[in-house]
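A.B. asks: Sequence:
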Amino acid sequence: MVVGPCKPLPPSMTISSFSGDIYRPAGYTTLCVILEEGPRRMEKEIDFIIMDAPSGYNAILGRPAIAAFQMVASTYHLCVKFPTPLGLATIRGDRAGASKCFEINVRLHTDYMDPRDHALPPVEQNDHVTVADRKTVLISKNFPDNEKPALTGLLFEYFDVFAWEPSDMPGIDRAVAEHRLSLKPGVPPVR
Numbered sequence: 001m002v003v004g005p006c007k008p009l010p011p012s013m014t015i016s017s018f019s020g021d022i023y024r025p026a027g028y029t030t031l032c033v034i035l036e037e038g039p040r041r042m043e044k045e046i047d048f049i050i051m052d053a054p055s056g057y058n059a060i061l062g063r064p065a066i067a068a069f070q071m072v073a074s075t076y077h078l079c080v081k082f083p084t085p086l087g088l089a090t091i092r093g094d095r096a097g098a099s100k101c102f103e104i105n106v107r108l109h110t111d112y113m114d115p116r117d118h119a120l121p122p123v124e125q126n127d128h129v130t131v132a133d134r135k136t137v138l139i140s141k142n143f144p145d146n147e148k149p150a151l152t153g154l155l156f157e158y159f160d161v162f163a164w165e166p167s168d169m170p171g172i173d174r175a176v177a178e179h180r181l182s183l184k185p186g187v188p189p190v191r
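1 is the number of the first residue of the sequence shown in UniProt numbering; add one for each residue after it.
Take these hints with a grain of salt, some might be off.
What the hints assert, rightly or not - Listed below are the simulated DSBU-like cross-link pairs for lysine-lysine, each with C-alpha atoms no more than 35 Å apart in a straight line: (1) 135 <-> 100; (2) 100 <-> 81; (3) 81 <-> 7; (4) 81 <-> 135; (5) 141 <-> 7; (6) 148 <-> 135; (7) 100 <-> 44; (8) 135 <-> 7.
Hint data in this document are derived by calculation from the structure and do not stem from the laboratory.
Turn these sequences into a full structure, and let the hints steer you where they fit.
C.D. replies: Set out below in structure tokens:
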């Protein structure tokens with residue numbers, strides 16, 4: 001499916017597929033979606049996320065679209081119902097057609113079956129800032145750039161106030177900072 005220019009999304013946004021693959025969307029676009037059954041018709045503007053990912057679908061209507069159309073979907077009956085000004089409309093699917101499309105898709109995309117082949121590296125979310133004596137803190141990349149120097153200066157000025165290691169907190173009982181897992185004696189762990 002080819003669409004026009006898309007609007008940007010945050011670069012850190014990722015989407016997981018049902019198979020576990022992780023994709024970064026190219027952006028999103030707003031399309032006019034028309035659902036109709038005979039004279040019963042509804043038209044809405046729906047935002048679609050644009051992705052370069054192998055799929056048996058050209059588009060997926062998610063919860064926002066289902067809510068916009070006030071749609072009720074039944075996977076068992078392979079249909080959706082939604083209200084229109086002329087009454088309730090029902091759009092039915094075709095089981096045989098859906099099965100055939102699925103089989104064709106499996107044959108076309110057999111090289112995409114291993115999700116590890118398409119795993120994306122994680123997006124770096126933080127900047128590393130070194131504060132006296134090799135102590136490192138992480139500052140979010142989303143933190144406003146004009147406020148980073150003030151925060152870094154504050155960390156340098158008060159670095160001795162922070163507890164960097166457990167030994168920096170004398171007098172605090174380990175039970176406060178340590179979790180203990182209560183297990184029934186004699187019962188072997190289950191994998």
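A.B. asks: Take a quick look at whether residue 135 and residue 100 sit within 35 Å of each other, Cα to Cα.
C.D. replies: 60 Å, violated
A.B. asks: So if I understand the rule, the pair passes when the alpha-carbon distance is 35 Å or less; does residue 81 with residue 7 pass?
C.D. replies: 31 Å, holds
A.B. asks: Checking one constraint from the list: CA of residue 81 to CA of residue 135, max 35 Å. Satisfied?
C.D. replies: It is violated: about 60 Å lies between the C-alpha atoms, which goes past 35 Å.
A.B. asks: Taking 35 Å as the top limit, are the C-alpha atoms of residue 135 and residue 7 close enough?
C.D. replies: 40 Å, violated
A.B. asks: Please verify whether residue 148 and residue 135 have alpha carbons no more than 35 Å apart.
C.D. replies: Measuring from Cα to Cα gives roughly 17 Å; hence the hint holds.
A.B. asks: Given the hint that residue 141 pairs with residue 7, test it: the Cα-Cα distance must not exceed 35 Å.
C.D. replies: Roughly 21 Å separates the two Cα atoms, so the pair holds.
A.B. asks: With a cut-off of 35 Å on the C-alpha distance, tell me whether residue 100 and residue 81 pass.
C.D. replies: 24 Å, holds
A.B. asks: Verify the proposed pairing of residue 100 with residue 44, using a straight-line Cα cut of 35 Å.
C.D. replies: 30 Å, holds
Checked against the numbered hints listed earlier, the structure breaks hints 1, 4 and 8; every other hint is satisfied.
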